[in-house]
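Enquirer: What follows is each chain in one-letter form.
2 protein chains.
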Amino acid sequence: MSFFSSLAAFFWQANDSLNTSSDSLYLWIALAVGIVGLIAALVFARSVLGSDTGTPEMQRISDAIRQGAEAFMRRQYSTIAMIAVGLAIILYLGYRLSPFTAPYANKVVISFLIGATCSALAGQTGMWVSIRSNIRTASAARTSLGRALQIALRGGAVTGLIVVALSLLGVGILFLAFGGLSHPQQTPFKLVGFGFGASLVALFAQLGGGIYTKAADVGADLVGKVEAGIPEDDPRNPAVIADLVGDNVGDCAGRGADIFESTAAENVGAMILGAALYPVFGIKGILFPLIVQAINLIASIVGVSIVHSKEDEDPMHALNKGYYVTSILALVGFAVAVYYMLQGRWWLLGCGICGIITSFLFVRITEYYTETRFRPVQSIAKASLTGPATNIISGLAVGMETPAVPVIVIGCALLLSYYFGVRGLADVATIADYKKGIYGTAIATMGMLSSAAYILAMDTFGPITDNAGGIIEMSNQPHDIREKTDKLDAAGNTTKALTKGYAIGSASLAAFLLFSAYLEAIHDIVSQRLAAAGEVLPASWSFSNVNLASVPVFVGALLGAMLTYLFSSMAIKAVGRAAQTVIQDVHQQFKENPGIMEGTSLPDYGRCVHIVTGAALKEMILPGILAVAMPLAVGVIFRHFSSTFNLKELADSPTIHGVPINLSGAEAVAALLMVGTISGILLAMLMNNGGGAWDNAKKYIETGAYGGKRSEAHKAAVVGDTVGDPFKDTAGPSLHVLIKLLATVTLVLAPLFV
Amino acid sequence: MSFFSSLAAFFWQANDSLNTSSDSLYLWIALAVGIVGLIAALVFARSVLGSDTGTPEMQRISDAIRQGAEAFMRRQYSTIAMIAVGLAIILYLGYRLSPFTAPYANKVVISFLIGATCSALAGQTGMWVSIRSNIRTASAARTSLGRALQIALRGGAVTGLIVVALSLLGVGILFLAFGGLSHPQQTPFKLVGFGFGASLVALFAQLGGGIYTKAADVGADLVGKVEAGIPEDDPRNPAVIADLVGDNVGDCAGRGADIFESTAAENVGAMILGAALYPVFGIKGILFPLIVQAINLIASIVGVSIVHSKEDEDPMHALNKGYYVTSILALVGFAVAVYYMLQGRWWLLGCGICGIITSFLFVRITEYYTETRFRPVQSIAKASLTGPATNIISGLAVGMETPAVPVIVIGCALLLSYYFGVRGLADVATIADYKKGIYGTAIATMGMLSSAAYILAMDTFGPITDNAGGIIEMSNQPHDIREKTDKLDAAGNTTKALTKGYAIGSASLAAFLLFSAYLEAIHDIVSQRLAAAGEVLPASWSFSNVNLASVPVFVGALLGAMLTYLFSSMAIKAVGRAAQTVIQDVHQQFKENPGIMEGTSLPDYGRCVHIVTGAALKEMILPGILAVAMPLAVGVIFRHFSSTFNLKELADSPTIHGVPINLSGAEAVAALLMVGTISGILLAMLMNNGGGAWDNAKKYIETGAYGGKRSEAHKAAVVGDTVGDPFKDTAGPSLHVLIKLLATVTLVLAPLFV
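So the sequence lines, in the order shown, correspond to chains A and B.
Residues 19 to 772 in this note's numbering are what the first sequence spells out, letter by letter.
Residues 19 to 772 in this note's numbering are what the second sequence spells out, letter by letter.
Honestly, the hints are just simulated from the structure, not real lab data.
In this text the structure is predicted, and so the values were computed from the model without any measurement.
There are no misleading hints in this set.
All copies of an identical chain are treated as equivalent in the list; a pair is satisfied when it fits inside any one copy or across any two copies.
Here are the simulated lysine-lysine pairs, DSBU-like style, with alpha carbons at most 35 Å apart:
#1 Lys328 with Lys514
#2 Lys400 with Lys609
#3 Lys636 with Lys400
Start from the sequences, fold in the hints, and give me the full structure.
Expert: As structure tokens, this is what we get:
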């Protein structure tokens with residue numbers, strides 16, 4: 019062993035001496051690229067905003083949507099701000115309670131607030147640009163399809179670049195400010211507040227936006243089409259603008275915050291795991307995730323810039339070309355980073371490739387389950403022939419089938435990247451295989467995220483072209499222009515569906531990274547407690563055991579899975595209740611002003627927007643609080659249970675003055691997190707893909723199959739589509755954010771569980 | 019420590035000397051009571067069969083149903099027999115492959131076949147009596163409601179008593195035959211085949227019956243009501259008898275086998291855990307579960323015997339009285355058994371009381387979610403006002419909400435009974451707290467099952483009264499008789515719903531018992547391997563660690579959760595496909611014989627029964643095989659992965675010739691089992707309660723609410739009811755059986771995973 023320990027000491031010293039000099043350069047590079055990313059976003063934004071804004075009629079419609087959306091965002095973010103400040107105070111008091119955590123109270127709260135602010139900023143900016151790009155895309159479509167495509171993608175790229183750049187700058191600057199260059203191993207743990215702040219805002223943004231969009235949609239449809247018998251988007255319907263606003267806040271707001279959260283949480287998690295490999299890579303292992311984000315920014319800027327489409331080309335063709343360029347550049351950059359930062363251990367590049375392949379496979383699987391040309395959607399369309407009941411049954415059956423292949427893909431990706439991680443570090447004897455493997459899975463996650471900015475640009479492309487199509491349609495433009503925007507709209511629908519698959523894939527892969535970071539955090543806390551008591555943690559001990567066979571841990575796991583069901587139920591019911599307020603207001607407007615239905619006077623669109631905004635924001639609070647409160651409650655309550663009820667038997671736990679530390683609370687929370695994540699991933703796949711399949715089954719019938727529009731089959735398919743809406747646009751995406759929030763909230767609250 | 023070890027030696031010897039004398043008496047008592055149970059069943063059956071069988075018209079209808087049901091059962095059980103024999107051969111060959119397992123091959127296969135046979139026998143007998151009790155109940159209803167209630171309950175009691183008695187006798191006799199009296203500690207492990215055989219038959223019985231009943235129901239409805247425009251149960255519909263047969267095989271067949279499986283699997287599991295406490299209780303701890311079953315039989319016989327209802331009394335009143343008497347007797351018997359067999363350790367009686375309270379709470383919660391007078395069902399009924407889409411959304415939201423409170427109840431029950439177990443054995447120093455606590459949870463499960471025979475009698479009461487009502491209605495009996503059977507039918511609906519809640523509760527509580535038994539089995543296998551290599555297992559080692567933080571284990575967990583989704587999807591799709599065959603046949607019959615629709619000639623009912631039988635049996639095979647194959651594949655493949663990829667690091671594993679045993683396969687399977695169970699419980703609750711709530715929302719509207727029958731709300735509610743049907747009658751109950759099958763299949767295959 020003396021050989022190994024001297025080897026370790028050698029590595030340690032060698033790295034230490036390099037630390038303050040050349041290696042910290044990587045941090046400055048990452049920060050510089052982050053600023054370049056912001057500048058590029060500005061350039062794209064200027065090029066979009068400088069474009070023509072169309073006819074006054076188009077502007078009138080676009081303005082109404084923009085005002086409604088901005089009013090919602092203002093109120094939403096002031097509600098979120100109040101919740102965030104409240105939580106910051108609770109967090110501060112919680113940390114001050116114990117002498118162990120008190121020294122960190124300031125840093126955690128500051129990084130929490132910065133994370134929340136950056137997340138809100140990312141969401142707001144994305145929205146701001148999108149609601150201005152839609153009209154410009156519509157206007158450009160009147161002359162050139164290629165130009166319209168470019169405007170929409172660049173509008174989306176602003177969101178993508180700002181989100182990734184803000185996440186990179188936020189984490190990088192906090193790392194610097196919290197003394198990362200002098201104490202690189204300890205600093206990542208101090209960043210956990212940043213991830214939590216980001217997730218908290220993302221959860222509320224996604225929940226609020228998701229509830230709003232579907233409440234307005236369902237409310238407008240029920241009262242308009244079903245009761246009053248007027249067509250969709252009829253100006254006599256007072257809820258029509260609320261519905262259009264909803265399309266915006268549902269697809270844009272939240273999405274930016276969601277991806278911001280993903281990159282932030284995963285960066286912080288990967289840095290924590292990098293700290294465990296400090297003896298091998300020094301600070302470079304910790305800074306690696308930031309450099310990957312920098313590569314992501316550069317590759318995505320190039321990818322977005324080269325996209326231009328010929329007039330008669332399928333827009334997806336041009337978009338895919340940009341994606342391939344981005345992916346290849348990211349891969350090259352990844353290899354360079356592995357060479358310089360990870361000692362050229364090529365097995366670790368293999369981990370990254372695992373991640374990239376996983377993202378491709380997820381996109382393809384999503385395509386299979388939600389595109390019209392494959393069996394699942396067609397089976398739902400066929401089942402519509404025998405009425406709504408069989409349509410629903412067959413859609414639910416498809417939804418329940420969807421997790422099968424993705425789970426196998428994720429399983430393979432985790433096992434392979436773990437194996438590559440162990441192989442890549444096989445010669446390092448001082449680090450446990452377990453930590454090497456986990457770092458391998460973290461690198462795979464980074465690989466998957468290495469084209470996130472471009473993906474997000476493609477994703478935001480969706481609502482922009484969707485809106486552009488709406489503006490063209492409502493302003494009665496000629497048929498050939500409408501055909502162009504329809505083409506863009508179809509491409510936008512495809513990109514939206516595919517990026518949803520990408521998002522789920524990265525969430526599943528990242529899950530392991532995130533709860534490994536949680537386990538590391540507990541380890542760090544235990545070693546601090548021992549140090550404070552003047553004892554030393556045995557080097558061989560690591561908190562890497564979440565024993566499902568222990569009763570409190572199993573109960574924690576049960577509660578985690580239950581949380582995902584209860585949360586989904588609440589989100590879905592919230593949509594129903596908020597939709598009721600829309601219906602009531604429309605009824606009242608019809609009653610107060612009979613001129614509306616006669617077409618002689620305009621309804622009060624703003625009042626309806628105002629009401630649904632209030633209802634959606636009220637409804638988002640309870641499920642949001644549940645998501646934070648449940649892990650907290652389990653951790654705090656279960657730290658008083660132990661799997662043996664006899665502390666003396668906790669032989670494996672480190673002891674303070676001979677008394678073993680009871681880690682039952684921490685372990686039960688870990689199980690809640692892990693099994694909650696498993697259950698959440700499966701439920702989200704069921705809801706997202708089921709909802710997407712229902713939607714496209716309806717569209718397939720509308721193309722003329724099984725009797726086409728207005729047939730009985732179409733009526734049945736509309737029922738399926740309506741059921742799928744809150745699934746795929748409210749509960750599914752919110753679950754997705756919930757999973758990551760669980761990971762960050764447990765990271766932040768970890769000190770309270772021990 | 020020398021004090022503790024001498025204490026242990028004392029206990030050991032003291033028990034050993036008692037072993038062959040007085041303590042084995044308990045086994046004989048249990049067997050004798052098992053025979054008493056069979057005799058009581060015979061007496062009840064004779065009293066039922068001796069009753070009047072009504073008018074020739076009633077008999078004609080009843081005969082047609084009986085013949086169809088018997089034809090289905092014959093074909094179903096010959097299919098199951100073929101599968102079982104095939105699996106027996108594979109099991110035999112698998113066990114012969116390794117020198118470690120070869121000596122057990124015969125015993126495992128024999129107990130497997132006996133378990134399968136007993137399970138089939140239990141299912142068959144239940145069915146046999148039910149399809150004969152229905153007409154007799156109907157006939158008695160013409161003169162006396164009280165007499166009809168008695169016949170129906172006694173008909174149900176035949177099933178209940180035979181199931182529990184056969185399970186008791188099967189396990190008891192095998193225990194005796196496999197040398198339980200001379201090697202009580204080793205023998206329980208040899209009984210695992212019995213549980214597996216029972217579960218396998220139960221799975222196929224439940225799946226086949228569930229698919230049949232809903233395929234016939236949906237097929238008959240779609241072709242009759244929707245296409246041909248003829249009312250339900252119209253004799254011109256060729257599928258009408260198949261539908262009525264389905265009500266029988268769906269509710270009766272499978273149910274007997276299901277409860278048989280529960281008691282068998284849980285008895286064997288509890289005996290394995292009892293073996294771990296051999297130093298304390300000797301053979302008495304192992305025989306305790308059998309004695310509890312004996313108490314169950316006696317208490318239930320008394321409970322059934324005392325039930326008689328006045329003419330104007332609510333039937334539920336009488337049934338509940340019998341239930342309370344049974345429960346109180348079971349509790350008293352439990353206390354006596356604790357006194358004599360468990361050294362009067364009253365904390366352990368507390369565990370049993372935990373189980374009994376849990377069963378009460380589960381029944382109440384199920385009531386809340388599925389009865390008309392509470393919020394959930396009413397919210398679905400109200401949502402039907404705005405069409406089928408909102409009805410479905412609100413039903414799914416209710417379904418997703420249902421696991422919340424039950425999960426908290428189960429969590430409390432597990433933690434409390436674990437704690438009571440540790441307290442009850444606090445003075446025993448030689449046994450780890452962990453094992454004491456786990457035995458506590460096993461006692462809680464036994465407490466929950468201590469009135470199983472009466473519960474099963476109440477459950478089978480449901481389909482009997484349902485059929486009786488149908489016979490009365492179709493044979494055009496006077497209105498006042500119909501009112502009587504309606505009363506009975508309503509009570510039957512209630513008991514069916516409540517016993518479903520009971521079944522889920524016992525499955526959840528038993529889950530922990532069953533996978534603890536699996537961990538014990540792995541421990542036993544490892545100690546045998548070491549013994550064979552001439553080494554000794556360190557006494558401190560126990561296989562009680564299922565570490566979710568290890569990548570292969572986490573992947574196993576993901577796969578387990580995914581299995582429950584895929585299995586449900588397959589079951590639901592199977593219903594759809596089988597229903598298509600019904601529709602095709604009906605179309606063909608209409609085409610071949612135009613006289614059917616004109617009412618001039620009778621359709622060929624038998625052909626339709628024949629076709630749906632074939633379709634249902636074909637469809638049950640794939641999901642059934644998936645359930646067996648997936649744990650096998652995970653165990654066999656994952657034993658080649660290790661969480662470290664470096665066997666030297668497996669420091670905790672016992673070693674053979676210095677090489678640690680790789681337990682990754684066994685651990686991954688444990689995670690698959692545990693997380694699969696968690697996911698399965700939640701999905702089953704969602705489907706059972708959601709389906710029940712939809713059903714009752716429809717019934718609520720039919721009582722006149724929201725426009726009553728034939729209103730738009732009613733149409734919407736019918737859609738929800740149809741969606742709920744395959745949920746609550748096919749996928750939900752099958753999941754329920756799947757969970758237990760996973761537990762028994764892993765127990766049997768355990769030797770292949772190490």
